[in-house]
Structure formats: C-alpha cells, structure tokens
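Starting from the given sequences, assemble the full structure and let the hints guide the process.
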Amino acid sequence: MARASSSPRDSAASPARWVVGIDLGTTNCVLAAADTTVEPAAIAVVPIPQVVAPKQVEARDLLPSFLYLAGPDEVGSLDLPWARDRDVAVGVLARARGADVPGRLVASAKSWLCNASVDRTAPILPWGAEDGARRVSPIAATAAYLGHLREAWNAAHAGEKGARLEAQDVYLTVPASFDAAARELTVQAAKDAGLEHVTLLEEPQAACYAWIDASGDRWRSALRPGDVVLVCDVGGGTTDFSLIAAEEESGGLALRRVAVGDHILLGGDNMDLTLAYHLRSQLVAAGTTLDVWQTRALVHASRGAKETLLAAAAPDEAPVAVLGRSRKVIGGALKTTLTRADAARILVDGFFPEVDADARPQRDRRTGLTEMGLAYAADPRLTAHLAEFLARHREAGTPTAVLFNGGVMKAGALRERLLTVLRSWCGTELRELSGIHLDQAVARGAAYHGLARRGRGVRIRGGAARAYYIGVETAMPAVPGMARPLKAICLVPQGTEEGSELELPGQEFGLVVGEAAEFRMLGSSSREEDTLGTVLEDWGDEVEELTPLVTTLEWRDHDGTLVPVRLRVHLTEIGTLELWCVARTGDQRWKLEFGVRQPHE
Amino acid sequence: MTTERSPSPALRWIGAVLAGGGLSGAAAYALTQVLGPASSGIPGTWQTTPVATATVVAAPFLAALLTALFGGGSPRAPQVAASVEAPAAAAPPQPPVDRGDAALRMLALMQQEGRLVDFLEEDLAPYSDAQIGSAVRSIHSGCRGVLKDRLDLAPILPGAEGATVTVERGFDPAAVRVIGNVRGEPPYHGVLRHPGWRSAAFRLPDSTGDRDHTILAPAEVEVL
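Chains as they are written, first to last, in my numbering: chain A, 1 to 601; chain B, 1 to 224.
Among the hints, a few may not be true.
[Stated by the list, open to error] In silico contact screen, one side only, chain A against chain B (beta carbon under 10 angstroms); selected entries:
1) Q56
2) V320
3) R589
FYI, nobody ran anything at the bench for these hints, they're computed from the structure. The structure displayed is predicted, hence computed values, not measured ones. Positions of the beta carbon are idealized from the N, C-alpha and C atoms, including for glycine.
Shown next, in the form of structure tokens:
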C-alpha cells in the first residue's frame with residue numbers, strides 16, 4: 001500500500017530530536033537544524049565540511065551544488081574526514097575545479113531534474129561531455145549532494161544515539177513550480193542518498209517561514225487579514241513567484257499559499273554572464289582578446305563589480321581587472337571599467353525594465369542566454385514574467401507586500417526597481433517585508449516549518465500548487481496526419497489539501513492486463529476554478545503537458561482481459577502525487593509511475 | 001577546521017612582513033607616544049624621536065618570512081595592561097602548532113585568492129603606476145578576503161588614533177611599544193599613535209592525507 005510507505009514516519013515511534021531543513025538549491029545547498037529538546041528550539045545553519053582544495057577540508061555554511069567527477073590521479077586528494085579514496089567531490093572544490101575542467105563538472109542538476117525532455121534517470125551529465133567520459137544522471141547528482149549532507153551530519157553526530165540524519169524530521173525544499181514528476185524524482189534522489197523519509201516544502205513558502213521566524217511575534221502586527229504577500233525568489237539559476245494570503249481564522253491570522261508561478265530558468269548567473277559579455281566587448285573593442293580562462297575570470301570579476309555598483313551609495317564606476325594568467329600578474333593583467341550607468345542599463349533595465357501590468361514575456365525569441373539542453377527563459381525581462389504571473393492570478397488578490405529572497409536580491413538597486421514597478425501596478429502602499437538572510441532563508445524556513453508541524457509556530461496552508469488533468473483523446477473519426485484532439489479532465493483541483501484521496505467520478509478507462517498503458521498528464525498553475533471532473537477542450541497556454549504516467553497491469557491469470565478501471569489520486573503528506581488505477585470490480589489496484597525514462601517528443 | 005588562538009608562525013610571519021615591509025611603522029604593535037610631563041594630554045607638543053621608527057626586521061619580505069619560519073622565540077600570549085579597558089583575555093591552552101606549515105598555508109591562500117607570491121616576485125620596473133594600481137586592487141581584495149576569513153583582527157588598544165591613553169605597570173612590551181619621551185616608571189601617559197593589531201582567532205582548512213605544504217601554487221598545464 002502506498003499509504004504506509006509514504007507516511008513521513010511511524011507515528012508510534014518517538015518524535016525525532018532534530019528538525020532539519022535542507023535547501024537543495026540550483027547553485028548552493030544549505031542545511032539548517034533545530035534541536036527540539038531545547039526550549040525554545042533555535043534554528044541554526046549547520047556548516048558542512050567539504051573539500052576546498054586538494055587535501056584540504058573546511059566547513060562552510062554553503063555547499064555549492066556542483067559535482068566534480070575526478071580523474072584517477074586525483075583520488076586520494078579528495079578525502080573527507082568520513083570517507084577516503086573518493087573519486088568525486090561536492091562543494092567548493094568541485095565548483096572551482098570544474099570551472100577549470102568543464103567536461104568533468106556536473107552543474108545545475110536541479111534544472112535538469114525538472115526537464116521533461118530528457119531521460120532524467122540516465123547518465124547524461126555533464127551535458128555535452130565527450131564520448132566515453134564519466135557521466136551521472138540528474139538524480140544521481142542530486143543524491144550526491146544530499147548524500148554529502150547526510151554523511152557530514154552523521155560524522156558530526158557520530159556516537160550519539162538516534163542522531164543520524166535519516167532518523168530526523170527532514171524537510172527538503174523544491175521550487176513551487178516543480179511539477180509532480182520533478183517532486184517524485186527529488187524524493188527518489190533523497191532515498192538514493194539514504195534519506196528514506198523526507199517531506200517536501202515549496203521554497204517561497206520556506207522563505208516566508210524564515211521571515212516569520214526572523215520577525216518573532218512582530219509578524220502578526222506586520223500583516224493584516226486581506227494582505228497578499230508576493231514572494232519573489234530570484235536565485236542563481238531560477239526565479240520563482242508565489243502569492244501567500246493572510247486570512248482571518250477563528251480570531252487569529254492564518255496564511256494560505258494561493259498561487260505559484262511557472263518554472264523560470266533565469267537568475268543571477270544569467271546576469272553575471274551578460275555583464276561579462278558586455279565587459280568582454282569593451283575589452284575587444286580596445287584591441288584585447290580574451291581566452292576562455294580570462295572570460296571566466298571576467299565573469300567572476302563582473303559579479304564583484306555588480307555587487308559594488310548596485311549597492312546603496314554606489315560609486316559612479318568600478319574598476320574590473322583580470323590578473324595575468326601566468327606568473328606575470330601585472331604584465332598580463334587586463335583592465336577595464338564598469339560604469340554604474342552601464343550596470344544599471346544592462347541589469348536593472350535589461351532584466352527588470354519598467355513595464356506595464358499587461359506586459360507578457362516573449363516566448364519565441366531565443367537570446368544569447370540559451371545553453372544547449374536546458375530550457376532557459378527566452379525573455380530575460382523578469383518584470384514581464386512577474387506581470388504575467390500576477391495577471392494570471394488576479395483573482396488571488398493584488399499583492400500588498402513583497403518578500404524578496406535569493407542572492408540576486410542583495411542588490412539594493414534591483415530591489416528598488418522591483419518595488420517601483422510593483423507599486424506602479426499594485427498601488428503605492430505595497431511594502432517590503434525584510435529581515436531575512438537571503439542565502440539561508442530557505443533552509444531556515446524549512447526547519448521552522450518542521451517546528452510548526454509540531455505545533456511550535458504558524459503553518460502556511462497551501463495544498464496542491466497546480467491543478468492536474470488526465471488527457472483523453474476525444475472519440476472522433478481519425479483524420480490522417482492529424483492527432484486526435486485532446487480533452488483534459490481535472491483530476492486534482494488546485495489547492496487540494498495534502499493527505500487527500502480523490503476518485504474521478506463517472507470516468508472509466510478500459511485497460512488490458514499485461515500491456516503497458518500510458519496516461520497523458522497535464523497541469524496548470526493558473527486554473528484555480530476547475531473542480532474534480534471538470535472537462536477542458538480548449539485551454540490555450542494555461543495548461544501544459546507534463547511527463548506522462550505509465551503502468552503495466554499485472555494480474556496473474558488475467559492476461560489479455562480488458563479491465564474497467566477508475567482513477568484514484570492521493571496527494572501524499574510528503575508533498576508528492578500518487579495515481580492509482582482501481583478495478584471497478586474489486587480489490588485490484590495498480591500504481592501509475594511517471595514515465596521519466598521515456599521522454600516524450 | 002583548525003582554530004589556533006595565539007601567535008602561531010603564520011601570525012608572527014604576517015606581523016613580520018607588515019613591519020619589515022615598512023607598510024606601517026609598527027603594525028603588529030600598539031604604538032604609544034609618551035608625552036613629556038609638562039605637556040601631558042595636549043597633542044601637538046610631543047617630540048618625535050628616532051625610536052619611533054620600527055626596526056623589528058629591517059629586510060623586507062623574504063627575510064621576514066625566514067625569521068617567522070625558523071626564528072626563535074617561544075610563542076606566548078601578549079599581555080596588555082592599559083587603563084583604557086584593555087581586554088586582558090586569559091590565554092587558552094594552546095594546541096601544538098606545526099611551525100612552518102601554517103605560515104606556508106597562509107601564504108598559499110594569499111597566492112590562491114590574491115596572487116600575492118606572483119605579485120611580490122614580479123619585477124615592477126617596466127610598468128606604470130596606473131598598471132600596477134589596477135592590478136593591486138584585485139590583489140588587495142583577494143588578500144584582504146583571506147585575512148578576513150582566516151583571522152579575527154582587532155586592535156590591541158581600544159580608542160582612536162590620537163586618543164590619550166595610559167599604559168599601566170606590567171604591560172607587555174611585545175604588545176605595547178612606548179616611544180618618545182619615556183622616563184621613569186609606568187604608568188605612562190601618552191597619545192595612541194597606532195592601536196596595533198591582534199588576531200583573536202586563526203582558522204585554516206584541515207589537511208587530509210600527506211599534503212605537501214611547500215606547494216604554494218600548483219603548476220598549471222592546459223590540455224589542448
């Protein structure tokens with residue numbers, strides 16, 4: 001039974017001592033924990049030992065989400081206090097070493113995990129590595145990060161009874177925009193890493209929890225019933241929007257996540273890259289040519305210049321220097337200057353232009369940001385993506401407050417611009433909720449959520465982030481060369497609470513025992529009004545096709561028989577979606593799996 | 001992570017480099033200019049003397065490094081006795097420190113983050129001040145990051161430069177250097193010329209395996 005296997009923990013067992021939040025970020029992982037035997041349970045970020053240079057280990061608050069697949073001669077220089085002779089490295093060294101040897105570096109595994117156009121269980125990373133190179137699957141890379149965190153925790157708690165990470169309440173964050181298949185794969189990666197029981201939590205919600213935790217008791221006076229908080233999370237690789245409404249509930253204040261956006265593959269890395277291209281063209285115009293190494297150093301230098309120029313009271317220009325590669329640091333140095341005007345034009349106006357509330361991102365255009373394989377957002381204008389998100393969720397309410405999260409939002413000029421744009425759309429009363437640590441908020445918030453589940457804090461209710469639909473081909477005469485039109489039947493209405501079990505009424509499917517069956521799955525983050533069984537025939541771009549569900553009906557001695565089944569769906573407590581085919585006649589049921597091994601198209 | 005609390009070779013090395021390189025008169029020390037009895041507390045009337053010039057290590061960088069690595073002197077926690085709320089921190093038990101490794105690893109970090117060895121080894125003669133200046137910004141920010149990450153720097157004596165301080169009897173001459181018109185027994189009243197630097201903590205990554213700390217920067221070979 002799925003129920004038993006998916007419940008977070010055997011309720012008869014004593015509660016775990018630690019509540020742990022893990023931010024499994026595209027570019028950095030952070031682990032925060034709270035000891036529930038201490039009153040009040042304080043949430044702290046746990047530094048993670050990692051290889052920082054060959055044969056050197058140091059604990060850092062951030063574990064960069066990079067996996068370096070080492071060559072044979074490097075084995076022995078990547079030892080960790082708890083493991084010897086490793087042939088992979090995760091963290092600071094992986095990021096630095098991988099930049100030198102791109103063919104051995106796995107990066108952005110998380111973005112691959114939600115990329116339905118590839119087989120996410122197949123060894124495909126590093127993407128574009130040459131034939132015969134070592135490769136791992138996106139799931140294996142994710143499992144490597146989680147495995148590192150688990151081993152680091154367990155090494156730090158060696159000898160303490162019941163202190164292993166797999167015995168704690170672990171909350172793992174995912175983008176709100178992750179669809180059911182990507183969530184399932186994240187849970188699978190955690191299992192592969194030895195974390196059998198994890199509960200998923202959406203990152204923007206975690207950021208909101210972090211704000212509640214940081215505000216202490218003041219949050220109740222900072223928000224009033226009717227407030228709608230826009231969580232604007234711009235990370236290194238992805239951007240995620242959510243709306244959270246404050247509601248009155250039995251005299252108190254309750255929070256409900258009312259809308260989530262689509263997955264936008266656009267973040268701080270794109271900005272640094274764009275700035276570096278600008279600086280490179282300046283250098284090229286001055287007659288200098290840059291090799292690959294210098295270009296990379298330029299990206300690094302641009303990041304520093306960006307932070308200088310977009311901070312409060314910034315100077316008019318910042319010098320950017322790339323030191324000589326050889327021993328001639330000065331003789332070989334390249335020098336240019338980034339002006340604040342250029343930084344503002346490229347970053348503030350390029351990524352956060354002042355647009356109208358009816359602006360929409362362009363979808364067809366491909367820009368220089370495209371990298372083979374990952375579906376980067378075609379339109380870099382984050383404000384246009386934001387306008388579209390708010391327009392789609394108009395009935396969820398107009399934001400009255402905004403909470404920024406993600407490293408990019410450290411830049412004061414970008415926060416200012418977003419506030420200006422949002423105020424022009426939503427009214428000048430829109431205020432900023434501040435006080436969270438932008439790098440650590442998600443992990444801290446996830447741990448806070450764990451405490452809240454134990455009754456030590458406020459919980460944000462949300463339910464299913466998307467509505468899910470099953471695709472059924474309409475019964476009409478086949479026309480050569482034309483696919484039959486697809487009907488979408490709503491299986492999971494948006495906002496369905498975790499733990500719910502729903503059965504699609506009236507609709508039966510005939511499945512043949514012994515044969516593989518495939519169900520086309522669709523999802524929508526914007527159709528809030530659909531209820532169980534709603535049939536859609538025309539949905540524009542509001543509904544998108546997801547990873548299909550597959551199963552093979554196995555029923556001894558019934559091969560070849562046609563079985564009428566109904567579809568039953570279970571939204572699990574840990575945040576995943578399970579679909580079952582239930583035979584009309586009796587007890588037989590079959591679980592549908594996401595067909596991640598057979599990418600469609 | 002290794003945390004060493006008191007003068008390890010690397011710290012002595014840094015102090016020696018700063019002093020020996022002439023970057024500051026007495027960077028590793030709080031420098032107190034003692035005033036004449038009649039002019040106590042009135043800046044501007046004090047007399048400069050040749051004693052004020054630091055002469056800890058006269059030769060620059062390499063000599064300083066060698067002194068730090070191989071020079072004698074047992075490490076001990078500097079004690080300060082000054083009436084200006086001098087934090088007389090109790091010296092914690094000192095872990096045994098490998099004498100050379102920490103200094104070399106610190107230097108390797110400075111090279112890794114700020115290309116310090118390359119910079120010091122480069123002949124500056126052919127370059128203009130502007131060329132050097134732009135490169136130094138980058139070197140400075142890299143090396144400064146290392147100092148920030150690895151040491152907890154704090155002044156030895158509190159107070160702004162130019163403030164009036166009293167150096168009590170029993171002060172540690174390694175931590176406070178009195179200069180100028182020094183006469184008789186402490187307490188000495190004077191003007192704080194340099195508050196000194198102390199590193200309250202020193203952190204280095206842990207080594208695994210048989211890492212060769214004499215490697216300051218690896219050779220780089222690009223496979224084409």
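Quick rundown of the hints versus the structure:
1. Q56: 4 angstroms, holds
2. V320: This hint holds: V320 of chain A lies near chain B, its Cβ roughly 9 angstroms from the closest one there, short of 10 angstroms.
3. R589: 52 angstroms, violated
Checked against the numbered hints given earlier, this structure breaks only hint 3.
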